[in-house]
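Could you slot chain P onto chain Z? The hints should help.
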Amino acid sequence: MSGGERPLPEGAPRRLSPLTWIVGAVRETLALLAVAVTALLVSEGGAGLYFAMAALGFGLVHQVVRWWTFTYAVTDDRIVLRHQLIGRSVKTIPLERVRGVDITAGFLHRLLGLAVLRIDAASDGDEGVLNAVSRREAERLRELLLGRREEPSREHVIARADLSWYRYAPLSGAYLLTPFALIGSLLGTLYNLNNEFGLVSEGTLSHLGDTVVGLPPILGVLALLLLALVMPVASVLVFTWFNWDFTLRAVPGEDDKGALAAERGLVSRRSVTLERRRVRGVELRDNPLERRKNVARLTALVTGLGDAEHRGRLLPTAPRETVLHVAEEVVGKFKEPLTGHPRAALTRRLVRAVLPPLAVSVLAVASGPLWLAIVAAVATVAAVPLALDRYAQLGHASGGGLLSVRSGSLVRNQQIIEHRAVVGWRFRQSLFQRRRDLVTLTVAVGAGEGAYDALDLSEEDALRLASCVEPDWITPFLATPPKPPADPREPPAS
Amino acid sequence: MAKWAVELLLGGAVLTGCAFALSGWAARADWAWRLPWLPWLVVAVTALSVLTVPYWRYRVHRWEISSDVVYLRIGALQRQWLLVPVSRIQTVDAQQNWLERLLRLATLRISTASHEGSSELVGLPLPTATSLASELAHRAHALRDDAT
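So the protein sequences, as listed, match chains Z and P. The numbering of the first sequence is the working numbering, which starts it at 1 and goes up by one. The numbering of the second sequence is the working numbering, which starts it at 1 and goes up by one.
Please note that the accuracy of each hint is not assured.
[Stated by the list, open to error] Not the full set, but computed from the structure, chain Z residues with beta-carbon under 8 Å of chain P: (1) D76; (2) W244; (3) T303; (4) V423; (5) R428; (6) Q429; (7) S430; (8) L431; (9) A444; (10) V445; (11) G446; (12) R464; (13) C468; (14) E470; (15) P471.
Just so you know, the hints here were simulated from the structure itself, not pulled from any lab data. Ideal Cβ placement from N, Cα and C applies to all residues, glycine included.
Bound conformation, chain P alone:
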């Protein structure tokens, strides 16, 4: 089995931000149409989703890295399982946007020669992400074959 496995997931903060933006937009949007209930609906949906979706996502997002394969599972309604052999990885980027910086999280972007084989690991703690990135890049280099 995997030499080591860490399981983790995205905090709901990103989603909260989006939801707040959405409700803000909706609050401004009611000048055009007389839909005073719309912002409230959005707020209600937002509140509900903020409460449930992050948890839900947290439950379904899984990743695992064995000695030669990166394994990713995402999606609640449409499930997806992604397997990327380490030997086929071209680049590994650890990225942070402002919110992630605030929360000390990072996104790991794994790209291969094909867009379908490329993937993102969202919401890793920063130290994990950076160490993973260098580790993966190192191993990808070592295992590299000529298939580009």
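Next comes chain Z alone, as it looks inside the complex:
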């Protein structure tokens, strides 16, 4: 009765792999073991241990029952997930609504040849989860769900992570800080445990503090140095953990475009398949360090994709050349140079960056502590180059059925969006912008984050950019241009 091994008629209900509950059981055992050990340490066995054992037994039964009561069936036009014991829940996803399939295999899953299959449907945040099926069954389902049975030979690799890419990991703040986040959460857990069991008394803590203070300063410097050494290494490790052997494949399909499949991960392997006709654009992201090294990250803007940040990932930090090549492969060539924004935008960037820290420093000088004033003053000075760079990075362009906007400095984003994805335009003009004849144009897009801003365009540029997509939408209103409406005092006509 296990999935995939024996040929079952299509449409017959199948169960998840029976190995699933082993995974669940092992996980629960590990978790409970940890609890049990702590319980043993803290209260020398007794009730805690028995309680843990009972919970373990209960969890096992629960796993088996879950496995027993969950079935799924794929028919010609839909997949039905059924979970019934006393209550019953049936989830039906029409195959035509399936937008992507996400196959994840954790360490245990890989050991047992299993994979978790997530089905992305076009409804609101709804997805079907098959936790877990055999690896082969997952592949079979993916083909079935995405409506194509391709021999793997027709797939071709668009991009594959090069060994040199791992060097870029320390450039990205996220990878640099992840180890800290891990340590932080670990410490947090310890602290909670401490609260509950009173492992560490106040005395030990203050003693520890005294010891730290009592250490010679040279040790502190050494620790910092060590940290500076360890951080890049750790970031490379984290990068490897998530992005090992990152491979992006093009899967040809029946319809014009087929799908994109991205696979990555060292221990737990994740494979995401995106239908190409759902991809509406790409987003390039980099920070100043990455710009120096000429590398960037690439994400796809996909309609109706949950967890887009992770699932839409097309490339980890990679050389710009590769990024542009992949972007071209995905949405087509975009070679228009970006148009810069008017000088007035620079003033606005400066004001926006400098004013808040300046206000704080003035307040601090007037009535606050000295250190705050100094910090704020430094921030004020630092804000100037930031504002300059923010201005330098502003840009927009349109051509070849694509349009692009770019902004940001510390995190610079450039979106390349297909014209057909644009679902609306919103021109915004605040009082200050009105004085300088600037407009912020928001491009509403039915994909990705839903909207992308072109900050502080001149009015003509805003109109030009908007009319690039579909002149018919804008020109009727140019007689009464969106800027100063021709005659706002027109009486209501009805």
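Just chain P now, with coordinates in the frame of chain Z:
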């Protein structure tokens, strides 16, 4: 230009209701702080806003529907102009709350695949709103392309 254009705007009634609620709240709020002038201030501000804001809003809110674009203009201090192609409209709802029912007005909610592209036309007369809703939905369906 537009095949037909109707210009209209929200009656100040919604705002009046809000303002009265606010002043009522303020009148009750003075037990905690000794600010006997606060309710009066609120009443004054309310009176002023009731007198001016609806008119102001009425002046700046404009909408227009051409053959393939819905055009909206709102905002007095921060101005906004919104253009939504009819072909990208997903759903059109005409809604009425109790006050709007009382005043025979309706709100037309136009939603697209993006929250930024979605918009509301507030304070339409009911017949206009319902006919617009069906008309827009019909046309959106006819013009629909695959961009979702």
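For each hint, the structure was consulted:
1. D76: Nearest chain P Cβ about 23 Å off; hint violated.
2. W244: 34 Å, violated
3. T303: 5 Å, holds
4. V423: Because about 4 Å separates V423/Z from the closest Cβ in chain P, which is inside the 8 Å limit, the hint holds.
5. R428: This hint holds: R428/Z lies near chain P, its Cβ roughly 5 Å from the closest one there, short of 8 Å.
6. Q429: This interface hint holds because 5 Å falls under the 8 Å limit.
7. S430: Cβ of S430/Z sits 5 Å from chain P, so the hint holds.
8. L431: 6 Å, holds
9. A444: Nearest chain P Cβ about 3 Å off; hint holds.
10. V445: At 6 Å from the nearest chain P Cβ, V445/Z passes the 8 Å test, so the hint holds.
11. G446: At about 3 Å, which falls below the 8 Å cut-off, the nearest Cβ of chain P leaves the hint on G446/Z intact, so it holds.
12. R464: The hint is violated - R464/Z has no Cβ within 8 Å of chain P, the shortest such distance being about 14 Å.
13. C468: C468/Z check fails; min Cβ-Cβ to chain P is 13 Å, beyond 8 Å.
14. E470: 7 Å, holds
15. P471: Hint violated; P471/Z Cβ to chain P Cβ min 11 Å, cut 8 Å.
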